[in-house]
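**Student:** Line by line, the protein sequences are chains U and H. For the record, in the first sequence the residue sitting at position 436 is 436 according to the UniProt record's numbering, with numbers rising by one throughout. For the record, in the second sequence the residue sitting at position 10 is 10 according to the UniProt record's numbering, with numbers rising by one throughout.
What the hints contain is simulated information worked out from the structure, not anything from laboratory work. The beta-carbon is built from N, C-alpha and C at its ideal position, and this holds for glycine as well. The reader is advised that the hints may include incorrect statements.
As the list claims (entries may be wrong) - Residues of chain U placed beyond 10 Å of chain H at every Cβ, according to the derived structure:
id, residue
1, Leu-71
2, Arg-139
3, Glu-159
4, Val-172
5, Thr-319
6, Thr-320
7, Arg-338
8, Ser-339
9, Arg-360
10, Ala-439
Said to hold, decoys possible - 27 Å max Cα-Cα, derived BS3-like pairs, lysine-lysine:
id, chain 1, residue 1, chain 2, residue 2
11, H, Lys-286, H, Lys-242
12, H, Lys-165, H, Lys-188
13, U, Lys-340, H, Lys-242
14, H, Lys-137, H, Lys-165
15, H, Lys-28, U, Lys-340
16, H, Lys-228, H, Lys-137
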Amino acid sequence: MNIFRTILQGMLKKPADAANAGQSDMAYEPENVPGVKPTLVHTLYEFQDCMDLTHRAYPEIGVDVLYFGHLVDNHQLAQDVLNPILHIRADEVHMLLRQTQFWPAADSKELIEGILSGQVAIFNGADTYLVNVSGPKERQVSTSESETVITGPHDAFNEQAGACLSLIRKRVKSSHLKVIKLSVGEVTKTDVYILYIQDIANMLYVREAIRRITNIEIDAVHDSNMLIQYIDDNPMSIFPQFLTSERPDAIASKLAAGRVVGIVDGSPSVFSAPTSFFEFFSSSDDYYQRWMLGTATRLLRFLAFGITITFTALYVSVTTYHYEMIPENLLLTIAESRSKVPFPPVYEALLMETTIELLREAGARLPTKIGQTIGIVGGIVIGQAAVQAGLTSNILIIAVASSAIASFVIPSYVMSASIRLIRFGLILLAGLWGNFGLAIALAAIVIHMSGLTSLGSSYLTPVAPFKLEDWRDIFIRAPFGLLVKRPTQAAPPNKVKNKMRR
Amino acid sequence: MGNRFAVCLSLLTMAALSGCGDQRILEKVGFTQTTSYDLLPDGRLKIAVAIPKADPEAELSRQLLTTTALSSKEARINLSRQTNLILVSGQMRNTLYGLSLAKSGLWNHIDTLMRDPSISPQVKVTVVNGDAESLLKKNYEQHPRTGKYIDRLLEKEAQEQAVPKVTLYEFARNYFDDGVDPVAPIVKDDGDSVIVDGIALFRDDKYAGRIEPGDSIIFALLERDFKKGEISIELAGEEGKKEIVMFSSLISSRKVEVGHGDAGTRTVNINVDVKGSILEYIGRLKLSDDANRHELERKISEHLSSRGNQLVGMMQEKGTDSLGIGMYVRNSMSYAAWKKLNWREEFPDVQVKCNIHVKIKDYGKFR
Chain U
1 MNIFRTILQG
11 MLKKPADAAN
21 AGQSDMAYEP
31 ENVPGVKPTL
41 VHTLYEFQDC
51 MDLTHRAYPE
61 IGVDVLYFGH
71 LVDNHQLAQD
81 VLNPILHIRA
91 DEVHMLLRQT
101 QFWPAADSKE
111 LIEGILSGQV
121 AIFNGADTYL
131 VNVSGPKERQ
141 VSTSESETVI
151 TGPHDAFNEQ
161 AGACLSLIRK
171 RVKSSHLKVI
181 KLSVGEVTKT
191 DVYILYIQDI
201 ANMLYVREAI
211 RRITNIEIDA
221 VHDSNMLIQY
231 IDDNPMSIFP
241 QFLTSERPDA
251 IASKLAAGRV
261 VGIVDGSPSV
271 FSAPTSFFEF
281 FSSSDDYYQR
291 WMLGTATRLL
301 RFLAFGITIT
311 FTALYVSVTT
321 YHYEMIPENL
331 LLTIAESRSK
341 VPFPPVYEAL
351 LMETTIELLR
361 EAGARLPTKI
371 GQTIGIVGGI
381 VIGQAAVQAG
391 LTSNILIIAV
401 ASSAIASFVI
411 PSYVMSASIR
421 LIRFGLILLA
431 GLWGNFGLAI
441 ALAAIVIHMS
451 GLTSLGSSYL
461 TPVAPFKLED
471 WRDIFIRAPF
481 GLLVKRPTQA
491 APPNKVKNKM
501 RR
Chain H
1 MGNRFAVCLS
11 LLTMAALSGC
21 GDQRILEKVG
31 FTQTTSYDLL
41 PDGRLKIAVA
51 IPKADPEAEL
61 SRQLLTTTAL
71 SSKEARINLS
81 RQTNLILVSG
91 QMRNTLYGLS
101 LAKSGLWNHI
111 DTLMRDPSIS
121 PQVKVTVVNG
131 DAESLLKKNY
141 EQHPRTGKYI
151 DRLLEKEAQE
161 QAVPKVTLYE
171 FARNYFDDGV
181 DPVAPIVKDD
191 GDSVIVDGIA
201 LFRDDKYAGR
211 IEPGDSIIFA
221 LLERDFKKGE
231 ISIELAGEEG
241 KKEIVMFSSL
251 ISSRKVEVGH
261 GDAGTRTVNI
271 NVDVKGSILE
281 YIGRLKLSDD
291 ANRHELERKI
301 SEHLSSRGNQ
311 LVGMMQEKGT
321 DSLGIGMYVR
331 NSMSYAAWKK
341 LNWREEFPDV
351 QVKCNIHVKI
361 KDYGKFR
């Protein structure tokens with residue numbers, strides 16, 4: 001993997017230098033120096049050419065109101081700000097502005113950020129106030145498209161951090177649930193919230209997460225899957241090092257397990273940390289089913305992982321080098337279906353894998369209604385015509401299709417995509433060196449993963465370091481009576497989660 | 001950085017150059033399924049290989065290549081000159097040895113096979129009563145491809161204890177082990193079919209004699225424990241009438257006792273317990289009657305024991321310790337004493353007694 005990293009770094013070096021050189025031109029220079037008293041003139045100057053800014057002046061009482069109409073709740077605006085201002089005389093303004101909804105803004109920068117986040121700025125002579133009446137348009141809480149379950153809650157986070165927070169607060173009704181607000185992006189000033197449960201989460205992880213997020217220096221962050229790439233331990237790795245989920249129940253359980261959770265405003269995915277590789281294979285469904293079913297499905301997913309990684313590569317290595325490994329009855333069938341194929345198995349396999357990836361990508365990009373036709377066209381073209389045309393063998397179609405299906409079994413889309421990409425490397429090495437290449441590739445993956453960390457904790461917990469107790473909730477889903485302790489990876493100060501004996 | 005890049009590039013080149021060599025792409029490979037060996041009168045070997053074909057358009061389902069050579073590896077080079085496929089032996093299932101070769105000794109050939117890492121030690125060793133090549137060459141129309149046919153036939157027969165399962169591993173083990181001689185199943189051409197023709201007894205690696213197919217189950221009873229098998233027995237009844245018993249679902253276990261006499265004489269008792277159910281009985285006894293049934297048990301036991309004694313006598317005559325009695329004798333004495341003993345000479349004089357005890361578990365649905 002080091003070689004791989006070196007190559008990548010070699011390739012990336014030059015563009016990175018160019019970016020550094022050009023940074024001084026691109027960088028956003030804040031003109032609001034903290035501590036400067038806000039004035040109407042200055043504020044209007046800052047928002048020059050912002051057509052969507054509403055400016056209302058009430059000259060008879062000497063009040064100016066500034067806000068973005070699309071960021072505020074009109075009803076609240078009328079009730080809290082506009083109506084009171086309309087019904088008073090000039091000498092009553094001073095008394096009105098002493099009501100608690102009016103916050104005195106002492107700082108020009110604070111004022112501008114307030115307006116940008118949907119507050120109303122009120123100027124009265126030298127005094128400036130902010131009123132929070134923000135009520136932006138938000139998407140309804142709906143079901144998750146990317147992580148569906150059959151049993152269990154169907155609600156999913158939406159793009160509004162406030163809605164995400166409320167969904168979590170609804171599930172974790174505890175004053176110990178702490179929320180820390182951070183801001184990322186010099187231009188976008190995206191809100192990032194760090195959540196943890198006091199006395200259950202390990203503060204070392206909380207502080208580490210906060211430190212990494214505050215260290216980000218970038219112009220814009222648009223999604224939490226993007227944010228985690230700025231803060232993960234090994235940016236060059238193919239594996240995601242933080243789990244993201246759109247499901248409030250999953251995130252609430254991560255919080256209760258002592259993990260740290262992060263919400264990025266504008267992103268429906270919420271990340272949790274620290275994460276182990278095996279966490280990506282569990283779904284909320286496992287806990288809502290009976291334990292044996294949960295266990296069976298979880299084992300099935302690990303089996304699917306094995307199939308995805310090795311199936312096509314094994315086909316390539318066996319048909320190219322290791323004819324000894326094929327059972328006698330299967331041998332002739334494979335040889336017969338291979339007999340018309342003009343390419344060596346490795347090209348044949350790469351061709352089919354690429355086709356499957358094309359189909360998948362096309363299906364993901366197209367609208368649902370057209371996406372269905374892609375399935376039919378792909379199924380017929382690949383399944384039938386390719387074999388009849390003698391481009392591939394039947395057995396390979398089965399291998400490619402089953403490994404593609406197996407890859408979709410993995411609940412996390414990000415992980416499933418990573419694994420599907422690794423497969424190509426395995427196929428190439430299997431074509432080069434046969435089973436030896438396959439073994440080398442698998443060893444390289446294991447070595448690489450052993451070196452990964454998530455917020456400084458081992459990515460392969462509970463296999464390395466070996467924590468047998470955690471296996472009950474990672475490789476199987478033991479009955480709840482046996483799930484007594486919180487996962488060791490999160491190193492929670494309070495270890496026991498279940499005191500009931502049954 | 002440039003240096004590192006060069007290292008990576010050279011590693012990639014090394015991977016690409018060292019890879020893809022030694023390819024054996026499935027459709028370009030001819031897998032030898034069965035090989036036959038015969039000894040020609042002039043001392044050369046006649047070797048034939050059967051290669052199943054994967055081509056759906058081909059008329060024949062297999063290729064059969066024949067050559068004569070001095071050794072089997074030389075034969076492989078000769079054979080490969082006759083075919084468009086790369087000849088490989090990793091899918092070999094069976095080796096057939098003609099009787100002519102079996103008589104002159106098999107070990108050299110088996111040694112070659114054992115030495116090749118691509119050949120499984122599970123490859124069967126089979127003796128052909130007659131010419132192995134002509135057996136392999138013949139197409140048996142009502143049966144699968146001849147090579148596969150013989151392989152499956154032996155596999156199935158071995159499950160029912162009609163022949164011992166003899167692979168390269170077992171043959172080599174018994175060849176090297178002290179106090180046991182190898183055996184191998186015999187097959188022969190029987191017109192429209194191939195038929196199992198008993199068990200070949202080897203003295204070291206040379207064919208020394210054979211057990212008739214009817215006696216091979218007795219051999220199985222004396223040689224090993226098993227859990228599946230059947231036997232058909234003809235008993236002498238009253239007034240010259242024959243009684244026929246078909247004894248099935250056999251479960252057999254044996255114990256070998258070795259006794260040392262004063263004058264250096266040795267006695268060996270082979271005690272076998274057989275349980276089974278009667279599928280067919282034609283005779284005067286009434287099986288539902290306990291006394292009658294015990295009488296039948298006694299008669300069968302006596303009959304089987306005497307046949308066992310005959311079989312052992314035959315083997316002693318030929319000097320082949322195929323039952324491995326020598327191993328039990330060896331285990332009953334010190335290593336020094338065994339080293340002093342010439343078992344090959346001693347074996348014909350050992351007093352061997354077979355006690356086969358039969359128990360009828362069940363005598364059918366109709367009582």
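**Student:** State for each hint whether it applies.
**Tutor:** For each hint, the structure was consulted:
Under the 10 Å C-beta cut-off, the non-interface status given to U/Leu-71 relative to chain H holds; the minimum distance is some 48 Å. The Cβ of U/Arg-139 lies farther than 10 Å from every Cβ of chain H, with a closest approach of about 47 Å, so its non-interface assignment holds. Under the 10 Å C-beta cut-off, the non-interface status given to U/Glu-159 relative to chain H holds; the minimum distance is some 41 Å. For U/Val-172, the requirement that its beta carbon stay farther than 10 Å from each beta carbon of chain H is met, with the minimum near 49 Å.
Distance to chain H contradicts U/Thr-319 as a non-interface residue, since its nearest Cβ pair spans about 5 Å, not more than 10 Å. With a least CB separation of 6 Å from chain H, U/Thr-320 falls inside the 10 Å interface cut-off, contrary to its annotation. The beta carbon of U/Arg-338 is not kept farther than 10 Å from every beta carbon of chain H, the shortest such distance being approximately 5 Å. Residue-level check failed: U/Ser-339 sits 5 Å from the nearest beta carbon of chain H, not beyond 10 Å.
Distance check for U/Arg-360 against chain H: the nearest CB is about 28 Å away, which clears 10 Å, and the non-interface claim stands. With 10 Å as the threshold on Cβ separation, the claim that U/Ala-439 sits away from chain H holds: the shortest Cβ distance comes to roughly 14 Å. The suggested pairing of H/Lys-286 with H/Lys-242 holds, with an alpha-carbon distance near 16 Å, which does not exceed 27 Å. At roughly 17 Å between alpha-carbon atoms, H/Lys-165 and H/Lys-188 fall within 27 Å of each other, so this suggested pair holds.
Among the hinted pairs, U/Lys-340 with H/Lys-242 is inconsistent with the structure: their alpha-carbon atoms are about 63 Å apart, more than 27 Å. Of the pairs offered as hints, the one joining H/Lys-137 and H/Lys-165 holds, with about 24 Å between alpha carbons and a cut-off of 27 Å not exceeded. Note on H/Lys-28 and U/Lys-340: the hinted pairing holds, with a Cα-Cα distance of about 11 Å set against a maximum of 27 Å. For the hint pairing H/Lys-228 with H/Lys-137, the CA-to-CA distance comes to about 33 Å; that exceeds 27 Å, so the pair is violated.
Figure legend: structure checked against the earlier numbered hints; hints not met, in rising order: 5, 6, 7, 8, 13 and 16.
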